[in-house]
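Please arrange chain L on chain B, whose structure you already have, making use of the hints.
Those protein sequence lines, which keep their order, are chains B and L.
Counting in the working numbering, the first sequence runs from 61 upward without gaps.
Counting in the working numbering, the second sequence runs from 12 upward without gaps.
Simulated from the structure, these hints should not be mistaken for laboratory data.
Glycine included, every Cβ here is placed at the ideal spot set by N, Cα and C.
There may be inaccurate statements among the hints.
[What the hints assert, rightly or not] Sample of chain B residues lacking proximity to chain L, with all beta carbon distances greater than 12 angstroms (derived):
| id | residue |
| --- | --- |
| 1 | 76 |
| 2 | 97 |
| 3 | 154 |
| 4 | 161 |
| 5 | 162 |
| 6 | 195 |
| 7 | 339 |
[Unchecked claim] Derived Cβ-Cβ restraints for the label pairs, each shown as a range:
| id | chain 1 | residue 1 | chain 2 | residue 2 | range |
| --- | --- | --- | --- | --- | --- |
| 8 | L | 72 | B | 160 | 34 to 40 angstroms |
| 9 | L | 88 | B | 249 | 49 to 55 angstroms |
| 10 | B | 199 | L | 228 | 35 to 41 angstroms |
| 11 | B | 345 | L | 133 | 35 to 41 angstroms |
| 12 | B | 165 | L | 145 | 45 to 51 angstroms |
| 13 | L | 32 | B | 160 | 53 to 59 angstroms |
| 14 | B | 160 | L | 25 | 48 to 54 angstroms |
| 15 | L | 178 | B | 345 | 36 to 42 angstroms |
[To be verified] Okay, the calculated bits of chain B under chain L, using three or more residues with CB under 8 angstroms as the criterion:
| id | segment |
| --- | --- |
| 16 | 62–71 |
| 17 | 171–185 |
| 18 | 344–352 |
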Amino acid sequence: MKDLLRVELRRLTSRRLFRGVSFLVIIGFIVAGTITFFISNDSPQALATAQAKHRAEIAGCLADAGRDGVPSVGTEGWCERHVETSDPRFHFKDMEWPLLTLGLPLMMLAWLIGASYVGADWHHRTMMAHLTWEPRRGRVLLSKAIAVSITAFFWILALEMIFSALMWPAAFFRGSTAGLDAAWWSHYALDVARLGGLAGFAGLLGFSLALVGRNTAAALGVGFAYLAVVEGLVRGFKPSWSDWLIGDNIGQFATWDRVLGHSQTGSGLLLTAYIALAVAIAWLFFRKREVA
Amino acid sequence: MESIEITGLRKEYRRLRGDRTVALDGLDLSVGTGGVFGFLGPNGSGKTTTIRCLLGLATPTAGVCRVLGQDSASGLASVIDRIGALVEAPALFPTFSGRRNLELLAGIHRLPKTRVDEVIETVGLETRQKDLVKGYSLGMRQRLGIAAALLKDPQLLILDEPANGLDPAGIKQVRGLLKRLGEEGRTVFVSSHLLTEVQQTCDHVAILARGRCVATGPVNEVLSKGRSNVMSVRLKDLEAGRLVLNAAGIASTIVDGVIRAEVDASDGERIARALAAHDLFPSELRAEEMDLETVFLELTDTVEVAA
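Only chain B is shown next, with the shape it has when bound in the complex (with noise of 0.2 angstroms):
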């Protein structure tokens, strides 16, 4: 089981697909990291310029009191509460919502590569080729899993870690790495954990389907109409079911921001019991269909 969980650890790792898509991410996150650091000012000139700016906001604001929906009364309060703070400086407290930002697509790719993985399998039809070496498919099967799996999170780990540090020149040189103390760090850590379970959850999902439907374009198609359609549907004529909903505790789970009937921690427990009936189901048809 070691053997064939490590060859299938090397053969996903070795995807074109996987290494080209990582690419990518990583250009990505390098632009996003350059122009964030351009962007990024923390001359005296900048910062005085922006306080200036926002002192003249304040007092725009001021100077509407009872009108234009601000209030006449205790305005001066309201208007510091509404006006923006317009900082040139990148802070980097301020990763969090960028980096849950990131998850979703981060999760769709992990779908993506989960689904593709096993696709590949059918279309190349070295399934076949891999049960005249290993013909116990329990094992074939969770040694894929796992794979999948344990891949999507370390590898959404990791870009979500490569992103981090491309920005933290930003912050460092050009910006603001003030308020980082042991607390931000550990929710930043627990953010980005929490990301990469979901994007294995994600890989999981996607390879479940591609096993059932035996292509990588099904499983693709059935994760968008669900998604797209299936829950847009029930939240629009069954907003109670929307605890149940795979996107919604996605969000809750992702974010940490209680929004559901049930807890943070109960969303990732529904999520481990529906990826646990879709392997279950994938299991069913896999363990007896014929493979050519």
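Quick look at chain L alone, frame taken from chain B:
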């Protein structure tokens, strides 16, 4: 112990409309240990289905397949490290190099890299081993598939149409390889439609038609089943000879410069006596034998007609 034992193997495929296609119809087959066993049959006769049932890739509707003494349905895992297989076209990852493909397979059974070198050399792919498989010709892919089947240094080698796509030199090389493996004491079970190849390579043969085995045994024995009751006689005065033989009650005709006498091969003496009695002495007297191709077509045609 037989290398392969198939008893009453039946395989039906259900179609969406509800009707069934019978791919194998109670196939019985026994393949001994050592040597090259040819598995012949026309397209759709069930050769690949049989191989897939043997390797646990398809579930039989009825019957039992045993490979190296183990039931294919339950005990294949215990003997799989002694079985090498190539089913239909080689299944390879096109965007990996030939070597990479073999290394991944070798990793499943922890085979050393030197074994990969050996099989690459055996099939003559040394110079192209690092090229991507998608750039390989059909013949090169076939060689790589054979290399993959040889990786485990198997006791039983199951090859489905191994000569597909190979050029004459490649076919000759594979023929030599199969013979050598058979002589080493391994069992090579090879399905093919290239009858001459089977005739030149195999010790034993089974002929499959419409999912049933219509003939099996040593190649020479199977050939003898197709032996016609015709002897060809070569002599100077063909017309005189024909008249003599006809007068002796042996129906004869002249075809392509020889007399074809319709008599069993064991009755050759009758021909010799009849001719000698009239001072006619044949320069050649031999029983006409069919080649495997003719036997094959005759046997499979019989089944087609019967069916």
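Worksheet item: Can we trust that residue 161 of chain B is non-interface, i.e. its beta-carbon lies farther than 12 angstroms from all of chain L?
Response: 32 angstroms, holds
Worksheet entry | Cβ separation of residue 88 of chain L and residue 249 of chain B, checked against the hinted range 49 to 55 angstroms | Distance hint for residue 88 of chain L, residue 249 of chain B is violated at roughly 42 angstroms.
Worksheet item: In terms of Cβ atoms, is chain L entirely out of 12 angstroms range of residue 76 of chain B?
Response: Residue 76 of chain B not clear of chain L: closest Cβ-Cβ about 5 angstroms, inside 12 angstroms.
Discussion item. If I claimed the Cβ atoms of residue 72 of chain L and residue 160 of chain B lie 34 to 40 angstroms apart, would that claim hold in this structure?
Written reply: 54 angstroms, violated
Worksheet entry | Outcome for the supplied range 53 to 59 angstroms, where the beta carbon pair is residue 32 of chain L and residue 160 of chain B | 54 angstroms, holds
Worksheet item: Is the nearest Cβ of chain L still more than 12 angstroms from the Cβ of residue 195 of chain B?
Response: The claim breaks: residue 195 of chain B does not keep its Cβ more than 12 angstroms from every Cβ of chain L (closest is about 4 angstroms).
Discussion item. Taking 8 angstroms as the Cβ threshold, is the statement that the segment 344–352 of chain B is covered by chain L upheld or broken by the three-residue rule?
Written reply: holds (count 4)
Worksheet item: Between residue 345 of chain B and residue 133 of chain L, does the beta-carbon spacing fit 35 to 41 angstroms?
Response: At roughly 38 angstroms between Cβ atoms, residue 133 of chain L and residue 345 of chain B fall inside 35 to 41 angstroms, so the hint holds.
Fill in: Range agreement (Cβ of residue 345 of chain B with Cβ of residue 178 of chain L, hint 36 to 42 angstroms)
41 angstroms, holds
Worksheet entry | Separation of residue 339 of chain B from chain L, once the least beta-carbon distance is taken, above 12 angstroms | 22 angstroms, holds
Fill in: Non-interface claim for residue 162 of chain B versus chain L (Cβ beyond 12 angstroms)
Its Cβ never comes within 12 angstroms of chain L, the nearest being 28 angstroms, so this holds.
Practice prompt. Between the segment 171–185 of chain B and chain L, see if three or more residues pass the 8 angstroms beta-carbon test, and mark the coverage as holds or violated.
Written response: holds (count 3)
When held up to the earlier numbered hints, the structure conflicts with 1, 6, 8, 9 and 12 and fits the remainder.
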